Amino acid sequence: MNKSDLARLSIAAIHQKLKNKEIKFFDVIESVFQQIKNNEKKISAYISLFEQESFEQAQQLDQTVKDFSNLHPLTGIPFAIKDNICVKDKLATCGSRILHNFNSPYDATAVQRLKDAGVIIIGKTNLDEFAMGSSNETSYFGKVANPLNPEYVPGGSSGGSAAAIAYSGCLGALGTDTGGSVRLPAAFCGVVGLKPTYGRVSRYGLIAFASSLDCIGPITKTVQDAALILSTIAGHDPYDATSVNMPVNQFLCNPDALKDYTIGVPQEYFTKGLDPRIAQIVEKTIAELGKKCKAVKQISLPHTSYTIATYQLICTAEASSNLARYDGVKYGLRITKDDLIEMYEQTRGQGFGAEVKRRILLGTYGLSKGYYDEYYGTAQKVRALIKQDFDQAFKTCDIIITPTAPTPPFKLGEKIADPLTMYLSDLFTTSASLAGLPAISIPSRDKINGFPAGIQLIGRAFAEQEVLNCADAIEKLYA
Amino acid sequence: MQSKSYMHNKYEVVIGMEIHAQLKTKTKMFCACAVSFGAQANTNVCPICMGLPGTLPTVNAQAIALAIRASLALNCQIRPKSTFARKHYFYPDLPKGYQITQYKEPLAYEGFIEINRAQIRIRRLHLEEDSGKSIHAGNESLVDFNRCGVPLIEIVTEPNITSPDQAVQYLHELRQILNYLEVSDCDMEKGHFRCEPNISLRPIGQKQFGVRTELKNLNSLRNVREGLEFEINRQTKLLNEGKAVQQETLYWDEQTKTSGTMRTKEESEDYRYFPEPDLPVMNITEKMINTIKSNLPLLPAQRKQQLIRQYQISPQIAEVIIETKEFADYYDATVKHCPNAKLVANWLTTEVRAVLNQQIISINDFKIKPQQLAQLLNLLSENKITGKNAKQIFEQMVTTNKSAQEIAKTQNLLSIEDDALLTNIAQEVIRENPDIVTKYRQGKTSVIGYLTGLVVKKSQGKLNPQKITRTLQQYLNT
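If you're matching them up, the sequences are chains A and B in order. When the letters of the first sequence are read in order and numbered with this note's numbering, they come out as residues 273 to 751. When the letters of the second sequence are read in order and numbered with this note's numbering, they come out as residues 850 to 1327.
Bound-form chain A, shown alone (with noise of 0.2 angstroms):
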């Protein structure tokens, strides 16, 4: 294999290449930026590389490795880190003007992890702003292309690093997902995108968006991949009183598994506004599956209906919330005024996109004094609620699969000026992150103009081992 096509590869292999002295650390990074040279004009993946130090981080891993059967199997591998998610003495933007020029004075525990286990960190990927959005069209920093078909959308949020993983511009990506977006761009990208539990992957250091749906996951070519950097990043951090304090294992891919589970089917995802596509690749994938699971079940989940504005009162009022230190005072962007509240008011009517002021705005609305038992109280019960479905669905089944994105990719600018349309890409993948279960999104055989579709599986809270396991199988069932 050409030295240049290192990148195509997936962690797993290229680890194996290191460890057997086959390539240098060093070709690995030469590699991927050869990939980011020849695409990234066209897919705007980065909002910053770091180039210069990442040749150098390989060089010197080249010269100091010495002791190849113990090596970590993330060490050396180039990494992007979603620009929301903070990487020390680096731009943490956000994709917003706000914050701009905002350096990040620590690591989030998640990097500081990845760190130690040696990865290279090449970039920063673009984002909507704030993680607000499903086409990753709000950015500053610009929109990204999705690298299947440049006229289309990446998916969003995480859409710099579905795209990043995608063209081969890094070979593994943390991305966050708030109410699916690392699962979307990973479908809209055909890569894998796994969201873990919450309280599972310290939040330490992850600009917050929505507090209580927040999660860091890793984007990658392959679940194996995933699997190997969620071993690395979860697990309990005292700088986060949500990350839940039990032990992690190794996650390891044991397709086998496959044979005991009971996979459920959601009558409720398979309805009108489901491309009828789509729902095609599913119903195939869930028969191919039947031959070698245990049972394929019919499930309900009764109040799927209600998650996409549960989902919205939630995550409007936590991020009003959240973005309210985002004035001007100690950091990022200042419209300088003599006066503090007309500071205030253009700072943050000039620093923040369309999008993050019509959320913060329903936010703010949605706990005003009056207005909080109706909304965002309302919003609670119901989202109690939904997690009930799942708790009943799980007493019958193992694992729950669905399409994570009802339509295929739309094209750049189609949907951007519909927010209510745009909120529908989320239709599949916010039940579990209110729910706060682990889900995944993997890319189907099949495809629809070019674009595989995203075959989401959803577990048990902190049963990511049975979610890959499934995956996995899914993966091995395709090739």
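These are computed hints drawn from the structure, not numbers from a lab. These numbers were taken from a predicted model, which means no experiment stands behind them. If a hint is listed, it holds; no wrong ones were tucked in.
Calculated cross-link-like contacts (lysine to any residue; reagent style SDA-like; alpha-carbon spacing at most 20 angstroms):
id, chain 1, residue 1, chain 2, residue 2
1, B, 936, A, 636
2, B, 982, B, 886
3, A, 641, B, 1119
4, A, 609, B, 986
5, B, 930, A, 516
6, B, 982, A, 613
7, B, 875, A, 510
8, A, 641, B, 1126
9, A, 602, B, 890
10, A, 602, B, 892
11, B, 1065, B, 1082
12, A, 602, B, 949
13, B, 1114, A, 642
14, B, 936, A, 634
15, B, 936, A, 637
16, A, 641, B, 1115
17, B, 930, A, 513
18, B, 936, A, 646
19, A, 641, B, 937
20, A, 641, B, 1097
21, A, 602, B, 985
22, A, 609, B, 985
23, A, 653, B, 1126
24, A, 609, B, 989
25, B, 1307, B, 1236
26, B, 1218, B, 1208
27, A, 629, B, 937
28, A, 641, B, 1113
29, B, 1258, B, 1241
Covered stretches of chain B, going by a simulated chain A footprint (3 or more residues, C-beta under 8 angstroms):
id, region
30, 899 to 907
31, 934 to 946
32, 1116 to 1124
33, 1127 to 1136
Just so it is clear, CB atoms sit at the ideal spot from N, CA and C, and this is done for glycine as well.
Following the hints, complete the assembly by docking chain B onto the known chain A.
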């Protein structure tokens, strides 16, 4: 307990009180930064208390323990599951755009303090973080974030305080309790203890509350009293003129001794409280409560009773000794080394206090340590020095740091047990003062004091005055 200016009023005074007390923790409420007063601006800060993007709060266990301590001492119920909430407003010294506080489920509720057999009922006690400090200089405003994130407890009473006197007593008592618990230093000038009373009037006998106003910027007990009195008079006047009291927040001006409007009800903010999603429910177990309960120190009232019972000290003097925990502790430490408890009490409340007042220091900064003072008082108690010399030695101890024994020895101030010398001088004095001796023998026995003084003088203060008197009496009565 109504004070003079409005005691013949037809209105009943209704006061409620909100207190913020800074907890005496080593570190801040939600991060590991040190809590300190007077440090250089923005030196005790980190990404977390600065509210930098991506940071998260984690709760300080010591702050919870101190808050539970205070809750128990104030007879509160403690909630097994309490929650934090965000309170939103924009201000440069509030880096996150919200303050983390407790709203719907505060840590503790329904407590009380007893003051002169009246109960001041406490509605709630909760934990929260302090803001930074804005400093306005010329046309520039600066912010110091050292205070930002420092743990506070907020204690809210029911509106059942009935006079400025009672309000001040409540504050005094509360401060004393928090000081004894070592929960807070309660230094009002340093802003460790801030109070915001609300005041309303209603015709005596009426059940419904009147319109209330809130007073801010009261940074001493004196300001509290004056502010409340001013506000009561202002409201009384309005009501007497048939005018309505406006619901508003007032700002007390210490210089002019008047209050001004800070904001009216219409301008009051909507804080958009909602549960803090970054912090899970705070579970307070029975076990935690019991552990803290079993380690509660004696409170001022208990300490006072102990002094009266154990050492037969008068209630007035006991009151002075228990004023602060440090002072009471000093007393106990001294008594440990000097069994004459009453003598110690007298000295502490007179001589020692005089020095503290003069030097404007607290007992913690007092140069003479309990054991050293005990040594002095033991000499006095055992008649080894005279009272007059004891005071002289004490004065020197304050300035020189030498021990009582050392000073007494080097300056020859120890009393001597020399019966021969005493006999000689006594006889000498009797010989030299026949007129006075005659007066004594004629029944004017009070002149014995004068004669004693002469003997003391001749012995250069080294003979014990009581013994001198006894010896003189022996000679004169025979």
